[in-house]
Structure formats: structure tokens, C-alpha cells
Amino acid sequence: MFTIAVFPNVTKANIRAILDRVLAFFADKRVCVLLPAKEARLLGHEEYGIENINRHPIDMALSIGGDGTLLNVCRRVYEQTVPVCGINFGTVGFLIDIELDEIETKLQKILDKEYHIEERLMLSGYVVHHGKKSYKGSAVNDIVVTKGGLARMLRFGLSINDTRIANYKADGLIVSTATGSTAYSLSAGGPIVNPHVKALVLTPICPHTFDIRSMVISEDDTVRMRIKAGHSDIFVTFDGQKSFQIADEDEVIVRKAKNPARIVKFGDKDYYRTMKEKLLDNA
Numbered sequence: 396m397f398t399i400a401v402f403p404n405v406t407k408a409n410i411r412a413i414l415d416r417v418l419a420f421f422a423d424k425r426v427c428v429l430l431p432a433k434e435a436r437l438l439g440h441e442e443y444g445i446e447n448i449n450r451h452p453i454d455m456a457l458s459i460g461g462d463g464t465l466l467n468v469c470r471r472v473y474e475q476t477v478p479v480c481g482i483n484f485g486t487v488g489f490l491i492d493i494e495l496d497e498i499e500t501k502l503q504k505i506l507d508k509e510y511h512i513e514e515r516l517m518l519s520g521y522v523v524h525h526g527k528k529s530y531k532g533s534a535v536n537d538i539v540v541t542k543g544g545l546a547r548m549l550r551f552g553l554s555i556n557d558t559r560i561a562n563y564k565a566d567g568l569i570v571s572t573a574t575g576s577t578a579y580s581l582s583a584g585g586p587i588v589n590p591h592v593k594a595l596v597l598t599p600i601c602p603h604t605f606d607i608r609s610m611v612i613s614e615d616d617t618v619r620m621r622i623k624a625g626h627s628d629i630f631v632t633f634d635g636q637k638s639f640q641i642a643d644e645d646e647v648i649v650r651k652a653k654n655p656a657r658i659v660k661f662g663d664k665d666y667y668r669t670m671k672e673k674l675l676d677n678a
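Residue numbers (this note's numbering): 396 to 678.
Everything labelled a hint here was simulated from the structure, so no lab data went into it. Possibly wrong hints are sitting among the right ones.
Listed below are the simulated PhoX-like cross-link pairs for lysine-lysine, each with C-alpha atoms no more than 25 Å apart in a straight line [stated by the list, open to error]:
1. LYS528 / LYS407
2. LYS673 / LYS407
3. LYS531 / LYS424
4. LYS637 / LYS531
5. LYS660 / LYS501
6. LYS527 / LYS653
7. LYS528 / LYS508
8. LYS664 / LYS504
9. LYS623 / LYS531
10. LYS508 / LYS660
11. LYS407 / LYS527
12. LYS504 / LYS424
13. LYS424 / LYS501
14. LYS433 / LYS407
15. LYS407 / LYS593
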């Protein structure tokens, strides 16, 4: 039996109505539908709830929300490497292939296996503190090192692989995948990179120099950032959702993750048309 885990964004108004449509569609199908226990309780569907859903065997994950919800689900099921499909109930939905008026049609295509999977590079982030390296998490869009709101600028010692590239002051540095090039990196002046390009984008945030600009590098490169600040108001953030405070003199390492995100696509949406409609026309 096909098992699908549904991850609704409970902060969205009227999310219950969309979830009810999904559950009604699968009700007479040979499909096992699961919900995270907390979300199931909040939305009145306790019968579908399961604790520790990230560890439960599933065939596909379905997010209901915006791009941020999809990113969160990709990280939640990272170790399982299952496909992730999204229903757009957000403001942009650039990564998502199901609009509200397509729910039943596209869910049927999933059951009929009329879809393909795009593998999108994910990043792994590590912090070296007093010589000890620890894994902090994965990201689909970007890993960002930045100062706190009132802190002074950070001094970055930037290396790629074993080569020291630059030392400079800035408010932060974004290490983005091609997928994430249309997110925070774009806002900071970085280029748009087609997600099929095997690249990372390094984009400084408010650099205090004319000598450093956004760089496009190989997805196989390892990025190292040695942080000097004279204060501890320093943070490393994953997809703008998961954040850790780090210390002065710590080193942040970012490299390609062992597993990609596997995004469900239906072949009816062109990347550049989607970029125009959802990013440029709505700017």
C-alpha cells in the first residue's frame, strides 16, 4: 500500500479546508495517509496522527503551505530520501507544482505515477569550535552566517577548498544552492542560477569593500568561513528557519550534502515561465 505523509502548515488560515480536500481524495484509494501527531491534533484529525513521523517508513511526503513549508519537509525527511510534493497555499510557491485548483487532478497523477522527480542539491553545515567539528544540519536553499541585529560587522576569512580567497568585513555571507539563488541570495544582489546548473553561489551581505562580489562555484567545492567579530552575536541559519548561535573565532564549513532533495514535478510548468510569473511579474 502506498504511504504518504502529509505536512500541513497549521499557521495558515483555512488550512483545515485544504487538508480535508486531500483526505477526502485519498479516502477511497488504497493509500495510507499519515500526519504528524501534533498537527493532527490541532486540525482535528487525530486518527491520522503518528508520533516520530520522520522515522516512519513512507513512500512520499506532501507539504501543504508555501515554499518555506516545502523546505522544512525536505529537511524533515532528509534521511529517508523520499520524494516531496507540495500544494501551494503560500504567497509565492516557486518550488511547488500543485496549485489549489489542481489538487485532485495532480494527486491522481501521483497515484497513476504520471510525474517525475527532480533531484535538487542540498547543503550540509558544520561548525568547528575549539577544534571540535559538529554537524548542525542540512538546507535546500541556503546556509547563512550573519550578525545579530545590533552587533558590529563580522570579519570573514573565506576559503574555498584549501585556498584562502579573501578577508573582508560584512554583515554576513550566504552560501546558496542553485535552487536557493532565487531566495535570500537574490535579495542580497546574487545571480539567478537555473537549478539544473551544478553550482553554489556565495553572496556577501553588505560587504564593507569594493573587492568582494557574489561568486558562482562548483557544487563539489567546500566553503570555509573563519569568523572574527570581537563579540558572540553571530548566527548560522539553515533555510531561514533553523538557527544556531556560534562563537567568535568559530569556523563554519558548508559542503554538498550526501543526499539531494527529491522534488515531485509534473512536467507542465517551465522553469523560466514560473520565474517570470511568480518572481518577476509579482515583484
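Quick rundown of the hints versus the structure:
{"no.": "1", "hint": "LYS528 / LYS407", "verdict": "38 Å, violated"}
{"no.": "2", "hint": "LYS673 / LYS407", "verdict": "20 Å, holds"}
{"no.": "3", "hint": "LYS531 / LYS424", "verdict": "39 Å, violated"}
{"no.": "4", "hint": "LYS637 / LYS531", "verdict": "10 Å, holds"}
{"no.": "5", "hint": "LYS660 / LYS501", "verdict": "10 Å, holds"}
{"no.": "6", "hint": "LYS527 / LYS653", "verdict": "21 Å, holds"}
{"no.": "7", "hint": "LYS528 / LYS508", "verdict": "42 Å, violated"}
{"no.": "8", "hint": "LYS664 / LYS504", "verdict": "15 Å, holds"}
{"no.": "9", "hint": "LYS623 / LYS531", "verdict": "20 Å, holds"}
{"no.": "10", "hint": "LYS508 / LYS660", "verdict": "11 Å, holds"}
{"no.": "11", "hint": "LYS407 / LYS527", "verdict": "40 Å, violated"}
{"no.": "12", "hint": "LYS504 / LYS424", "verdict": "13 Å, holds"}
{"no.": "13", "hint": "LYS424 / LYS501", "verdict": "14 Å, holds"}
{"no.": "14", "hint": "LYS433 / LYS407", "verdict": "15 Å, holds"}
{"no.": "15", "hint": "LYS407 / LYS593", "verdict": "34 Å, violated"}
Taken one by one, the earlier hints fail for this structure at numbers 1, 3, 7, 11 and 15, listed in ascending order.
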